[in-house]
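Trainee: One-letter residues, chain by chain:
2 protein chains.
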Amino acid sequence: MKIESVDFFYMSMPEVLDIGDGSQDALLVRIRAGGLEGWGECEASPLTSIASYYTPMSHSACKPLKYSVAGKQLNSVDDIYKISLSVHENSSDLLQADHTLSGIDIALWDLLGKKLETPVYELLGYKKAFPKLAYASQLFGDTPEETFEKAVKTRNAGYKAVKFGWGPFGKTSIENDIAQLHAAREGIGADIYLMIDAGTVWNENIDDAQKRLNALKEVNTYWLEEPFFNGALNAYKKLADASSVKLAGGEGCNNFMQAQAMLEYSGIQFVQIDAGRIGGITVAKRVADLAVQKNITYVNHTFTSHLALSASLQPYAGIEKDFICEYPVELKSLAQEIGEEKILPGNEGKIHVPEKAGLGISVNTSALKKYLVDVEIRVKNKVIYQTPEL
Amino acid sequence: MKIESVDFFYMSMPEVLDIGDGSQDALLVRIRAGGLEGWGECEASPLTSIASYYTPMSHSACKPLKYSVAGKQLNSVDDIYKISLSVHENSSDLLQADHTLSGIDIALWDLLGKKLETPVYELLGYKKAFPKLAYASQLFGDTPEETFEKAVKTRNAGYKAVKFGWGPFGKTSIENDIAQLHAAREGIGADIYLMIDAGTVWNENIDDAQKRLNALKEVNTYWLEEPFFNGALNAYKKLADASSVKLAGGEGCNNFMQAQAMLEYSGIQFVQIDAGRIGGITVAKRVADLAVQKNITYVNHTFTSHLALSASLQPYAGIEKDFICEYPVELKSLAQEIGEEKILPGNEGKIHVPEKAGLGISVNTSALKKYLVDVEIRVKNKVIYQTPEL
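Just so you know, the protein sequences line up as chains S and Z, in that order.
In terms of my numbering, the first sequence opens at residue 1 and continues consecutively.
In terms of my numbering, the second sequence opens at residue 1 and continues consecutively.
For the record, the hints were derived by calculation from the structure and aren't laboratory data.
Since the model is a prediction, treat every value here as computed from it, not as a measurement.
It is possible that part of the hints are untrue.
Just so you know, same-sequence chains aren't split out, so a pair can sit in one copy or run between any two.
[Stated by the list, open to error] Restricting the straight-line Cα-Cα distance to at most 27 angstroms, the calculated cross-link-like pairs of lysine-lysine (DSS-like) are:
hint: 1; residue 1: K294; residue 2: K238
hint: 2; residue 1: K380; residue 2: K370
hint: 3; residue 1: K238; residue 2: K82
hint: 4; residue 1: K380; residue 2: K66
hint: 5; residue 1: K217; residue 2: K82
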């Protein structure tokens, strides 16, 4: 079947706050072909990504993504690989391309799955999807007291793993960070996995990270995530060598090569990949395969909708040993309403990848209309993008 | 002084062809403060970069670049470092940010240099700017005969170094590539440096590259450039280990960490940095410093205007041993007309960084009006960008 339309929808909460919560806006991609439609979500700046799809060509290696997608054939997995490669070749000098491709690629897998009446993980070659232990991913409270309350609440909700991140952590005093860490551990109790996400707060500064290692160890941190900017291989490696706390990272990778470098040279033991950023399910699966070879645990990165969650789970759904997954628990209403079906933790705090065709998540278009942001882009007095009908 | 305005100008040739010539459009940045103005050029998709500066915030780490630049103080070199760091912290999830920052950072250095009446290379800590041997950078001809003619013409123009790249090279048969290489060498003669730019044509495929090594050696290639996608560390390293032809790469790096990884793990002997892509002069200088430590030769990457050329030369202007520089010789009229002053090869085919304040290149606004592309971006029915007056 031939791709008939590719549409982008920028959605936003009425107010976007200056906090580390990526669920405050969304960029959805709808691709139609053969009477079916597939949906994907970019974990990316919506307006910037839309511009990258429609922009006029700059030169042969800086073409709009439209060039590689519109009107192309979609009948097999190979067709998706072809489109992915074409974007990499024809838009290699367009930096935003990988973020935009991510939502497109996810929508293509969803669409192909629907056509072939197969879940995406099967199209990827997995025979079975294993349940994953959901870690409740949330922001630190503004104070240790708030964090403690959040931790208690999460434990009571039945989660067996919890992650706190961003917020004040790493930015104020070491004493405050230590208090935050202990509040988190005391709130969840001794028997639950605790992960800490530094949200790149120390840039490339190893000393700042090292000062928190003892406290992280004291509270039995399962991993310390993103101490540094994505790709700061040397800083990661030095900290990994000095630390008995395992490191996690990789969510900022926007192509395979960056993830490969993290796997080979950073010393991380968990690689966290967001299919909505790295170029979609196609690229994420390649990273999952390499992680198996390197004996590094693959984990999804997801802080947005259940559509994005399903997409980010597919690439490692069939890898039994990679048992843990990020599960966002503080989604804004926009992100909650994107998917009609919910992926909910069941027994033992585990979640299951949907067994339906494609990604198994239908997009609730009527509920979303209220979040739609009207955008119009004109170049040389010609409208090149206008928010389409949802 | 306080930054009063930051304006973006998208310019384009009337027709943009599907060829590897980045001079067919341009994105200029004009920053005004204290009665002065500085200019920079992004080597980037213009519309996408403009969107990234003005887009609404998505979350705390995905803010528009405007947040880190508009209204900020600019009195010292430290103020530029602060703005650069702020963009990296506040826009770390906005992929296009580094390309957009590049032009902004260059304009800031130009503006500060004008205020302090000092050339940029001096602000960077260099006492002297050494002349660089200009290699005439151009596309292969469509046929070996055309390449031969181009080579003869370039030799006759007095150049002592020549690079051919892109076009059909690597895409058709090995025989054709061999014919192209010999045509290039025969045209320029035995006594001139010859560089070959594969323009990432082999993606990550080492075999395709290896098949050309003998021919590259036969024609005494000074370096083979970008055989693979930027950041394909393993492919680079394997080819470097197997090859007596030195490798060059790095133009696609869009932050310091990527360049650092290339310097440490790829086996390249020349690192090519485009200040218009990597985040500006600030980041490029940091790479130049690391390259000195690693004993790897730093080379500018420039395929656009002389404003961009001056910007890309500054970061290594004071490093005497890094003697060679890219010099575009096939600029479209747009790129030719951007700078009023020209950086022209003199004796022995060498060029000099301008000794005037800032970048030493004035922008010829009246000549450029004809290339200006009208753009308007509306979000929620409010105009967030409209092409400003030049």
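Trainee: Quick one: K238 to K82, C-alpha cut-off 27 angstroms, is that within a copy, between copies, both, or neither?
Mentor: For K238 and K82, only the inter-copy Cα distance (25 angstroms) is at most 27 angstroms; the intra-copy one is 39 angstroms.
Trainee: Reference check for the pair K380 and K66, CA-CA at most 27 angstroms: within, between, both, or neither?
Mentor: both (19 angstroms within a copy, 24 angstroms between copies)
Trainee: Cα distance capped at 27 angstroms. Does K217 pair with K82 within a copy, between copies, both, or neither?
Mentor: neither (46 angstroms within a copy, 33 angstroms between copies)
Trainee: Tell me, please, which holds for K294 and K238 at an alpha-carbon limit of 27 angstroms: within, between, both or neither?
Mentor: both (19 angstroms within a copy, 18 angstroms between copies)
Trainee: With identical chains treated as interchangeable, where does the CA-CA distance between K380 and K370 reach 27 angstroms or less: within a copy, between copies, both, or neither?
Mentor: between (31 angstroms within a copy, 13 angstroms between copies)
Hint check: a violation occurs at hint 5 only; the rest are consistent with the structure.
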